[in-house]
Structure formats: structure tokens, C-alpha cells
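With the hints as your guide, set chain B onto chain A.
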Amino acid sequence: MARQQGWLALILALAIAAGALLMSFPLQLGLDLRGGSQLTLQVLPAGTVKKVEKEQLEAVKDVLERRINGLGVAESTLQTVGDDQLVLQLPGEQDPSRAAKVLGTTALLEFRAQRAGTEREMQGLLRLKRQAEAVLNQRRTRVAASVQGQPEPAKASFAAEDLAKALTGLGISVPEGATETEQLELLLDAVNRKVVALYEPAQLTGKDLTGAGRQQQQTGTGWDVTLSFNREGGEKFAALTQGIAGTERLLGIVLDGRSISEASVGPQFKAAGITGGSASITGNFTPEEARDLEVQLRGGSLPLPVKVVEQRSIGATLGAENVRTSLVAALSGLALVAVFMVVVYRLAGAVAVIALSLYALFNLALYALIPVTLTLPGIAGFILSVGMAVDANVLIFERVKEELRDGNTLIRSIDTGFSLAFSSIIDGHVTGLISCAALFILGTGLVKGFAVTLAIGLVLSLFTALTCTRTLLRLLMSYPALRRSTYFLPAAQLPGSAA
Amino acid sequence: MTASPDLKSAATQAAPSPRFRISRYRRLAWGGSGLACLLSVIGLVLSWLNPAIQAPLKPGLDFTGGTQIQIERQCERGRCPAITAPQVQQQLARLDLPAEKGDKAPNISSVAVQLLDQGQSIVLRLPALGPEQTSVVIQKVNDLAGPLNKAGTSVDTIGPTLGLQLLQGSVLSLLVSFAAIALYITARYDRIFAVLALVALAHDVLITCGVFAWLGLILGIEVDSLFAVSLITVAGYSVTDTVVVFDRIREQKTLLGSLPLEEQVDVAVDATLTRSLYTSLTTLLPLLALIFFGGSSLFWFAVALTIGIGVGSWSSIGVAPTLLPVLARR
Numbered sequence: 003m004a005r006q007q008g009w010l011a012l013i014l015a016l017a018i019a020a021g022a023l024l025m026s027f028p029l030q031l032g033l034d035l036r037g038g039s040q041l042t043l044q045v046l047p048a049g050t051v052k053k054v055e056k057e058q059l060e061a062v063k064d065v066l067e068r069r070i071n072g073l074g075v076a077e078s079t080l081q082t083v084g085d086d087q088l089v090l091q092l093p094g095e096q097d098p099s100r101a102a103k104v105l106g107t108t109a110l111l112e113f114r115a116q117r118a119g120t121e122r123e124m125q126g127l128l129r130l131k132r133q134a135e136a137v138l139n140q141r142r143t144r145v146a147a148s149v150q151g152q153p154e155p156a157k158a159s160f161a162a163e164d165l166a167k168a169l170t171g172l173g174i175s176v177p178e179g180a181t182e183t184e185q186l187e188l189l190l191d192a193v194n195r196k197v198v199a200l201y202e203p204a205q206l207t208g209k210d211l212t213g214a215g216r217q218q219q220q221t222g223t224g225w226d227v228t229l230s231f232n233r234e235g236g237e238k239f240a241a242l243t244q245g246i247a248g249t250e251r252l253l254g255i256v257l258d259g260r261s262i263s264e265a266s267v268g269p270q271f272k273a274a275g276i277t278g279g280s281a282s283i284t285g286n287f288t289p290e291e292a293r294d295l296e297v298q299l300r301g302g303s304l305p306l307p308v309k310v311v312e313q314r315s316i317g318a319t320l321g322a323e324n325v326r327t328s329l330v331a332a333l334s335g336l337a338l339v340a341v342f343m344v345v346v347y348r349l350a351g352a353v354a355v356i357a358l359s360l361y362a363l364f365n366l367a368l369y370a371l372i373p374v375t376l377t378l379p380g381i382a383g384f385i386l387s388v389g390m391a392v393d394a395n396v397l398i399f400e401r402v403k404e405e406l407r408d409g410n411t412l413i414r415s416i417d418t419g420f421s422l423a424f425s426s427i428i429d430g431h432v433t434g435l436i437s438c439a440a441l442f443i444l445g446t447g448l449v450k451g452f453a454v455t456l457a458i459g460l461v462l463s464l465f466t467a468l469t470c471t472r473t474l475l476r477l478l479m480s481y482p483a484l485r486r487s488t489y490f491l492p493a494a495q496l497p498g499s500a501a
Numbered sequence: 487m488t489a490s491p492d493l494k495s496a497a498t499q500a501a502p503s504p505r506f507r508i509s510r511y512r513r514l515a516w517g518g519s520g521l522a523c524l525l526s527v528i529g530l531v532l533s534w535l536n537p538a539i540q541a542p543l544k545p546g547l548d549f550t551g552g553t554q555i556q557i558e559r560q561c562e563r564g565r566c567p568a569i570t571a572p573q574v575q576q577q578l579a580r581l582d583l584p585a586e587k588g589d590k591a592p593n594i595s596s597v598a599v600q601l602l603d604q605g606q607s608i609v610l611r612l613p614a615l616g617p618e619q620t621s622v623v624i625q626k627v628n629d630l631a632g633p634l635n636k637a638g639t640s641v642d643t644i645g646p647t648l649g650l651q652l653l654q655g656s657v658l659s660l661l662v663s664f665a666a667i668a669l670y671i672t673a674r675y676d677r678i679f680a681v682l683a684l685v686a687l688a689h690d691v692l693i694t695c696g697v698f699a700w701l702g703l704i705l706g707i708e709v710d711s712l713f714a715v716s717l718i719t720v721a722g723y724s725v726t727d728t729v730v731v732f733d734r735i736r737e738q739k740t741l742l743g744s745l746p747l748e749e750q751v752d753v754a755v756d757a758t759l760t761r762s763l764y765t766s767l768t769t770l771l772p773l774l775a776l777i778f779f780g781g782s783s784l785f786w787f788a789v790a791l792t793i794g795i796g797v798g799s800w801s802s803i804g805v806a807p808t809l810l811p812v813l814a815r816r
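Residue numbers (our numbering), protein chains in the order written: chain A, 3 to 501; chain B, 487 to 816.
For reference, chain A alone in the conformation it holds in the complex (with noise of 0.2 angstroms):
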């Protein structure tokens, strides 16, 4: 009697602790639960490196974690996933798509001067790329303009010809059915690819800047982004300056290996180069493109590139009626199982409703400890754990009831009904966490979920479905007045009293 109160007493003490632990670690909702965005970046291998190692995937966990700091989003999360795979995790409703352009970005950024004897070639290709901006341009504040109500500003133009030939000109073929706009774009991009191929080396790159900002242009409506180098960096831009200063050479700034700004360098910076540390790239940004370029350059450059494989988005709503209807689910479900097992098992019956209760608790504690993120896959998991923890009940109370229609005394038939109940109980649980292991480890994050709250469910039931029934069965068997073996099983199923 003594070990039953002491069962008793710990079972008592442990619903009390995981009460207390549910009121004061409030349950992780998924994102499908609560409405946002995921988003699964894949590292790609390039250059040298063959494969992905775990210092180079934390390297670029370490710089896309700096850019979404810059960014500003709101309890945004990013884990690395696997081996190549990193989760950003954006709650609410926040956009997506900014999200991922900043952090698909290499952003390396590159200062080179221009070699000698290049300078015909790059005013040809410079003259195209002012020419396709000034028409771009002008078709963004043209809708921007049409908006607002400003009168339109002069038209710049490329005549159809003349743009077919400059196409041809740097070799690129045009899809079918391309528009003017996607064939200026082809182009620039084409251009600002060639121009880069005309510099020497990079000298100087964005490892050595200590910061960056952006300000508004004071002529024009475009945004300049400024850098500050550090030490090195000064210097290696002085000399670099100093180089061409004076000549027709020209300064380039390379992103990702496409050229965003080519400046000339005036003969006054002869003697020593552009001192003082700072520079400013007028590429005539939008204030966004402005905000995102200095958020990049300030996080540095990717080690590796990445690419988005998987967005899921899920509206608040939609999460807030994913969260109810599985509450009703879940609910009801319980209340099914409970009804059922009073019908056919009385007492036992109400016993085991009173343990699956106690199994539900302890769960859902152990999802706020541990902590589980509870998705709606990792719900279902629950809700049919616990039709799973039932069954130890059942499978117990049928050896019961078989122990009582032989004849057997009800302490007698409970005792014997938990020990030999105890093997397929066993199987069953252990065959369970088997296929939990194998979509544990297997299985990508959904499934993951719902792996790990059916495993919890199947190493909880253990202890609730055989510890906790047995005891309250036991203490309850202590008043004799319940001693009695109609309140198990139908009269007519029991033997005379002959037997």
C-alpha cells in the first residue's frame, strides 16, 4: 500500500508541475499555426569548394544573420538545416520577397581600375548603358509620375533598330516575344558583364569596409550609397585613385560581377589619391534598392551563394483557423475516446478517461519544456496518440475481463490482467517509435514534427496507460464498497457463483 501512495504522490506532484509549467511557458505555434513565412535557402557549392562543410554553412549563417538584423524584421528565426540548408523563418505578415532578394545576394563588392588601352570600348558600352538606363529610368517615373499627378518628364528613346543591333552587337539572343523593357533590360545587363571584363583585378574589396549608409542625391531623385574603409581600405583606395587619377581610366564598382558604377577620377588626386577613408557609389538607386544594398554591405558578402527552394506563407487567419478547427479536432476526439471507453469498461473505463487526461497534460508540459514547435502535422501526431495510449488500456481491461469471466477475484484478474497485458503492450510501443525514428531522421520539417509529438505521445502513454491506471485502479480498490466486479463487466458475462 505504501508503494501505491507513494505512486500516487508522484503522479499527483507531476500533474502539478506540468500545470504549472504550461501557465508559465506559453506553447510554440508553427507558422502554419500563427500565420508567416518560411523560407529554406540552399548553400550552393562554388568555385573550389566541392561540398557544403559545416564551417562555411555557419559562415553564411553568420552573414545572412547580419543582414536580417540590418533588415529590421520582427522575431524573424534562422536555423541551419541538414548539411546545406538554412530556415529563415519570418512571422506575420512581413514580406517575403524583400527578405530573400537581400539574403539570395553574394554582394561582393569589388573596386578596379580600368585597364590601359580599353578606353574606346568601354565609351561604347558606357554610351549603350546610359542610353537603355535613361529609357528604364524613365518608364519607372513615368508610372511613378502618372501616380502622383507630375507632368511627364522628356522622353529618352531607342529605336527598335538601333537596339536589335546593339543586341546582336554583344551576341546575346533574345527569346521570343520579348518586350522592349526585357530586351533593355538583357541588354544592360550584357553591358554592365562586359564593362567588368575590362578592369584589372580587384584591388580593394567589401572586407575591408567598417560601414555603409545611403543618402538622397542632391541633384535628381536617385540615392547614393556611401562606404567607410577601414585603415587598409583607405589606403588601398588612395592608391588605387592615385593610379588613374588624371587619366581616362575609370574607377569601377563591381557587384557580383556585374559593373553598378564607373566614375572617372579628377587630376587634383594626382599627389596622394582620394584620402579619408570613404567613398559613396551613385548608381542612381530607388530608396529601397539603396536601403538593401547598404544592409548587404554592411553584413558582407556571402562566402557561398544560396538559392530559395522552398516559400511557405501562410496567411493569419488561416493559421487562426488552423488553430481552431484542430483545437475542435483534438477536443472531440478526446470526448469520442473517453465516452467510448465508460461504455464498454464502467469503472476501468472512467479510470483510464482520467489517465488519458493526465497523458494529455503531461504532453502538452513537455512540448512547452522541451520545446516542441507544435504544427498541424505535429497536432495530428497528438490527436492520434492519443486513440494509441487508449490501447493499452484496452488491451489491459479485456485481459482483465478475461481474468473475471474465468472466475478469478477482481484484485486478482486487475493484477494479472497488467502483467500479461505487458508484452504486446510493449511490441506495440516499440514498433511505434521504430517508424518514429525512421521519419525523425529521414523526414524534412513537417514530417519532423509530426515524428517527434507521436514519439512523445508513445513514451508518455508507457508510463500513463500502465503507472497511472494501475494506481488509481488500485486506490480506488481500496473502498470496498467499489470492490465490485459488475462495475468492470456486465453481470450476465461473469460466471455463476457455482465457480
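Keep in mind the hints are simulated off the structure, nothing from the lab.
Backbone N, C-alpha and C fix where the C-beta goes; we use that ideal spot for every residue, glycine too.
Certain hints may be false.
What the hints assert, rightly or not - 27 angstroms max Cα-Cα, derived DSSO-like pairs, lysine-lysine: (1) B:K626 to A:K309; (2) A:K309 to B:K636; (3) A:K209 to A:K196; (4) A:K309 to A:K63; (5) A:K209 to A:K56; (6) A:K52 to A:K209.
Claimed, not checked - Simulated restraints, written as ranges between beta carbons of each label pair: (7) A:G409 to B:G706: 55 to 63 angstroms; (8) B:K636 to A:S421: 55 to 63 angstroms; (9) B:A571 to A:G213: 49 to 57 angstroms; (10) B:P646 to A:Q217: 36 to 44 angstroms; (11) A:L14 to B:V531: 53 to 61 angstroms; (12) B:L535 to A:R326: 36 to 44 angstroms; (13) B:G743 to A:Q30: 49 to 57 angstroms; (14) B:V609 to A:L371: 32 to 40 angstroms; (15) B:R507 to A:L16: 45 to 53 angstroms; (16) B:Q560 to A:R117: 56 to 64 angstroms; (17) B:L525 to A:L371: 46 to 54 angstroms; (18) B:V657 to A:K53: 19 to 27 angstroms; (19) A:T221 to B:P646: 44 to 52 angstroms.
Using the frame of chain A, we list chain B on its own:
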């Protein structure tokens, strides 16, 4: 487990006359299961031959890769300006998408548009799009059928390579869990039991797949990674169910060992019949709650589990035990 003296009384009383003799119906049981398996195989093959599917089961977004956008319109007093799916389709097909990260923008002229709830929700199926391209598409729909309810929008994009990874992962975890379960049963019981447990398990998984092959053919239902999860869960559960009967046969071996195996099986099945049915029932009840109240996201998942567990309960009574005498004789 424990050699309890109570065993004797239990077994000797049940032994002479099991109320229900499964071996009498075994031809019927085999016939029924055989027919169901045959129909399942036919469904899988038909689906494979179907030019629109070309796979045993119709693969969903998770496995093929692609983008699915579900959009909810904001309508005053529940009435939205009428639009039709072809209208939206034509407009979207003409849309220019920005190139993303140097990759060419995918051709979305094959966009599939579906209207739900009298045009209140729009579901789009597209090739895999980048996040920026996705927002361009949503913006276009906003222009066409807006205003949209931003909180009611959901986007799922699975890159093509990730889809393949998911598929391989699902198949691999299915096979690994089969093998691990077989090893466990062999260690705990006997090779014959392990073979039978696997036969029952294969039977359950095959029929569940078969039903979804037919659902895919007739209703266009697709399978996703949750379906793979349900198959693995069914596999685990099927074995749990089958083991209860085997455990009983082993337990009564010392007492009934002299009887013919058919007799032993009949006694074991009869003794465990109620609990087999009840354990399945207690698992099916929460699943039914999920089907009726769980919302659309988990509906087909719950259906797959319900079918699998229902069939699993049947195979643990009618298939695995009745095959034991046949197999043991060899």
C-alpha cells in the same frame, strides 16, 4: 512473459470451443483481401499508364516541385465582383516575371487557376517561382480581382530539386522502417511471424495506396509528404495490431502446443478479437474527429490513416493469423 498459473485456467476454458473460428472463413478472407489487393494494383497501374499522371500515385506539389498560391478576396457583404477562371488564367499567362538571381523567369503560361467558395478564393498552380516572382503574381491577381485579404493568403513553393529530395526521403524512410520492424519482430518472436507481419503490413500499405490511386484517377486527389507520413504510421500500427495476436499464440503454446496450428490460431484470434476491434476503434475515433472537424489541411491525411488503420485491423484478424498454418507447414 511471466508464467502465471492463471494462464492455465484462461486457456483451458477457451480452448475447447472458440466462439468464432477464423479458419472456417479463411478462404473468404483471402479472397476478399486478394481482390482488394488486385484492385489496388490495377488502380496503381492505371494511374501509371494515365498520360496525365504517369506515376502510380498522383504526386502533389511536395514531390513535383512548383508553387501553389491560395488567395482570398476581400468582398463587401460576401459578394465579390464576378470573375472566371479562364479570365484570370489568360491574364496571368501574359504576365512578365522578373528574372531572379540570373535564372530566367519560368514560363507561367501553363498556370492552373481554380476558383473556390463562389469565387471568393483563388488557387493558382504554377511552376516553381522565386519569392519576388510570387509577389508579382499576387499583385497581378490583386489588380484583376482585388482587393485581396492579405491575412488569408498562403504560398507554398517547393523547388524541383527539393521535391525530388522529399520523395526520396519518404520512400527511404518507408523502407527503413519496414526493415527495422521486421528485424525487431524476428528478434522478439520468430522469422515466420516477421514474414507474416510484413505481409500484413504490405497488404495494408498496398490497399491504402490503391485507394489513393483510384482517388487520384477519379477525383484528382494528390499525395503529398503527409501521405508518406500516414503510410509509415499505418505500417507501425499494422504491426502493433498483428503482434497482439502473435503474442497470444506464443503465450498459449505451452498449453495448446499439441493441438493443430489451425486450432491454436482460432483460439488466439477468438480471444483477442474484441481487443483488436476495440484498439482500432479507439484510434479511429480521434481520426474521425480529424476528418469531420480538422479542416481541409489535414483531411486527406486523416482519410489515409483511417483507411490504413481500418485495413490494418482486418489484416491482423483475417490475413496474418490465417496464413500462419500455411506458412509454418513449409
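Tested hints:
no. : hint                                 : verdict
1   : B:K626 to A:K309                     : 25 angstroms, holds
2   : A:K309 to B:K636                     : 26 angstroms, holds
3   : A:K209 to A:K196                     : 24 angstroms, holds
4   : A:K309 to A:K63                      : 13 angstroms, holds
5   : A:K209 to A:K56                      : 22 angstroms, holds
6   : A:K52 to A:K209                      : 23 angstroms, holds
7   : A:G409 to B:G706: 55 to 63 angstroms : 59 angstroms, holds
8   : B:K636 to A:S421: 55 to 63 angstroms : 59 angstroms, holds
9   : B:A571 to A:G213: 49 to 57 angstroms : 52 angstroms, holds
10  : B:P646 to A:Q217: 36 to 44 angstroms : 42 angstroms, holds
11  : A:L14 to B:V531: 53 to 61 angstroms  : 59 angstroms, holds
12  : B:L535 to A:R326: 36 to 44 angstroms : 42 angstroms, holds
13  : B:G743 to A:Q30: 49 to 57 angstroms  : 55 angstroms, holds
14  : B:V609 to A:L371: 32 to 40 angstroms : 39 angstroms, holds
15  : B:R507 to A:L16: 45 to 53 angstroms  : 46 angstroms, holds
16  : B:Q560 to A:R117: 56 to 64 angstroms : 58 angstroms, holds
17  : B:L525 to A:L371: 46 to 54 angstroms : 47 angstroms, holds
18  : B:V657 to A:K53: 19 to 27 angstroms  : 24 angstroms, holds
19  : A:T221 to B:P646: 44 to 52 angstroms : 47 angstroms, holds
Checked against the numbered hints above, the structure violates none of them.
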